Amino acid sequence: MRNGHEIARLIEPGRVHRSVYTDLELFELEMERIFGRAWLFVGHESQVPHAGDYITTELGRQPVIMIRHRDGSINVLLNRCTHRGAKVINERKGNAARLTCCYHGWSFDTDGRLAAVPVPEGCAADFDKAAFGLARAPRVGEYRGFVFASLAAKGSSFEDHIGPMKRNIDDLVDRAPDGALALDAGMHRYAYNGNWKLQVENVLDSYHVPFGHASTINKQGVQFARREGDRQGATVVEAEKTQTAPSWKERKSYIAGSGHGWTSNTSLDEGKRSSPAFDEYKRVLAEKVGAERAQQVLTPRLHNSLIYPNMSIMGLNIHVRVIKPVAVDRTEVTIYPIRLVGAPPAMNFGNIRLLNVTHSASSFVQTDDLESFARAQKGLRSCATDWVDISRGLGEEEADRELNATRALATHEMVVRAQYKAWLGYMREAA
Amino acid sequence: MTASRAPAPPGAAGIDRAAFETFLIQEARLLDERRFREWMELFAEDGTYWVPAVPGQVSPLDQASLFYDDRELMKTRVERLEHPRIHVQTPPSRTAHLVGNVLLEQSDEAKGEYVVGSTVIMVEYRDEVQRLFAGRQRHRLRRDGAGFAHR
Numbered sequence: 001m002r003n004g005h006e007i008a009r010l011i012e013p014g015r016v017h018r019s020v021y022t023d024l025e026l027f028e029l030e031m032e033r034i035f036g037r038a039w040l041f042v043g044h045e046s047q048v049p050h051a052g053d054y055i056t057t058e059l060g061r062q063p064v065i066m067i068r069h070r071d072g073s074i075n076v077l078l079n080r081c082t083h084r085g086a087k088v089i090n091e092r093k094g095n096a097a098r099l100t101c102c103y104h105g106w107s108f109d110t111d112g113r114l115a116a117v118p119v120p121e122g123c124a125a126d127f128d129k130a131a132f133g134l135a136r137a138p139r140v141g142e143y144r145g146f147v148f149a150s151l152a153a154k155g156s157s158f159e160d161h162i163g164p165m166k167r168n169i170d171d172l173v174d175r176a177p178d179g180a181l182a183l184d185a186g187m188h189r190y191a192y193n194g195n196w197k198l199q200v201e202n203v204l205d206s207y208h209v210p211f212g213h214a215s216t217i218n219k220q221g222v223q224f225a226r227r228e229g230d231r232q233g234a235t236v237v238e239a240e241k242t243q244t245a246p247s248w249k250e251r252k253s254y255i256a257g258s259g260h261g262w263t264s265n266t267s268l269d270e271g272k273r274s275s276p277a278f279d280e281y282k283r284v285l286a287e288k289v290g291a292e293r294a295q296q297v298l299t300p301r302l303h304n305s306l307i308y309p310n311m312s313i314m315g316l317n318i319h320v321r322v323i324k325p326v327a328v329d330r331t332e333v334t335i336y337p338i339r340l341v342g343a344p345p346a347m348n349f350g351n352i353r354l355l356n357v358t359h360s361a362s363s364f365v366q367t368d369d370l371e372s373f374a375r376a377q378k379g380l381r382s383c384a385t386d387w388v389d390i391s392r393g394l395g396e397e398e399a400d401r402e403l404n405a406t407r408a409l410a411t412h413e414m415v416v417r418a419q420y421k422a423w424l425g426y427m428r429e430a431a
Numbered sequence: 001m002t003a004s005r006a007p008a009p010p011g012a013a014g015i016d017r018a019a020f021e022t023f024l025i026q027e028a029r030l031l032d033e034r035r036f037r038e039w040m041e042l043f044a045e046d047g048t049y050w051v052p053a054v055p056g057q058v059s060p061l062d063q064a065s066l067f068y069d070d071r072e073l074m075k076t077r078v079e080r081l082e083h084p085r086i087h088v089q090t091p092p093s094r095t096a097h098l099v100g101n102v103l104l105e106q107s108d109e110a111k112g113e114y115v116v117g118s119t120v121i122m123v124e125y126r127d128e129v130q131r132l133f134a135g136r137q138r139h140r141l142r143r144d145g146a147g148f149a150h151r
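As they're listed, the protein sequences go chains A and B.
Here the numbering used here is used: the first residue of the first sequence is 1, the next is one more, and so on.
Here the numbering used here is used: the first residue of the second sequence is 1, the next is one more, and so on.
Keep in mind that the hints were calculated from the coordinates and are not lab data.
Careful, some of the hints might be misleading.
Simulated pairs of lysine-lysine, PhoX-like, Cα-Cα distance not exceeding 25 Å [said to hold, decoys possible]:
| # | chain 1 | residue 1 | chain 2 | residue 2 |
| --- | --- | --- | --- | --- |
| 1 | A | Lys166 | A | Lys241 |
| 2 | A | Lys288 | A | Lys272 |
| 3 | A | Lys272 | B | Lys111 |
| 4 | A | Lys241 | B | Lys75 |
| 5 | A | Lys129 | A | Lys166 |
| 6 | A | Lys249 | A | Lys219 |
| 7 | A | Lys166 | A | Lys219 |
| 8 | A | Lys219 | A | Lys241 |
| 9 | A | Lys219 | B | Lys75 |
Since the structure is predicted, the reported quantities are computational estimates derived from the model, not experimental observations.
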């Protein structure tokens, strides 16, 4: 196995070695050293509102169940029978009083304890049911309904990890008049033939939009309307030209440690946002939280946020995105629409409907990204050069004391460099 | 040969299925020939195109869908398909739609409104990859001059 010194040589200040996207051995090491110990987003409490409600997902490649127990607690259990190893729950979501393995019928309580074994008289004399409960994620943390888990018993605390990103979660949750979100409006799922980091790098990449999403931008340089109440989207390029628009170039991106980051949103005209659904939402929000606070909440500051390494919160077409590595050149992405609890149904419908347009498998936006990811994976087979350039704006980063973060232009690549700094932090040391 | 014991589909009596079948085949051909603007014109002004995300999905309003387009969104979608820099259609898909198992499920002759169920198989070839899609579709149609329009 590669040692830390060798791995460190793959990351330079403004470039990374192509093998971080293509090397099988490095991918296995990522599963162990990043996905085997980092805090990973698992799900949202609204996905399991009642006792026995569960969802199944994967942490890295490991199948897990997030399930609510009778006492109201949320458990993150490894979805692997403690008998002969079969995956216990095969559905993406459901409700069960007992989790029963299909193979020999071992059944587990909703807190993971082994409840019953068929033909118990055949068990070894010293068989101890208590030792055969479903394994649990060693550490679980929750903030405003967002549930994270670490598959390692030790490591940086949940507070240290999530602390710098709490305001980003708040920014989204506070848009709900009742101060809560619900991820109960289904999901979009897709897979692409490319490395997982291609999607992670993309979520804060404002540089790719004018060209990568050119097919969504009209001759006036304006994108289609993506939010309820907007008549048009952001101005991305100069009218009748292909140059990036000045307002787009002014956007900022931020990093705050641990690979996390976000982009600011300065390119939409909030004053013109109006529709019956949006106006009613504004009224309800002001009624609940006061006019002044409602105005603050509705003024876009944060655009897209990345909570490294596996999830992002997108503030424009509001959704939660989960990134799952499947193989070195295969990645699955799940997109959850968000319902703002307490908002008028028409407002929530507007958000769900526009997310179909931007991020379903048939969408106007995400499909062109997936094409770029797949082409990157193909292009990186080339040995013409071993290096991938991430040097835009190198050395131009500046401190933002007010936000306790580091700032750069969003068309620069500071956020990608920060992701590789975190990547190396995990990768250079054995678990 | 014994007579079929299958019950006649409701509302089908006396209505020629062939007219609906022809409409579906013509629609498939417009898609295969990438005549998307003409395809869009098959929809009434208040027509919608819905592809649910999960089997049995009851409503497009409270759940994610693959498509839920009104004419306005269809227009934006078609404009994008015509854009020279649509990377995911470079090269463009080549498709073959096959429509079959056509049944008139409901009809209201007085209003000229019909519901037609069918099965569609679509093979796509793009960028050296062949993909197979299959689905059941339901057309809600309104008589429109000599033909039909999607409701």
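Item to check | Which numbered hints fail | outcome: 1, 3, 5, 7
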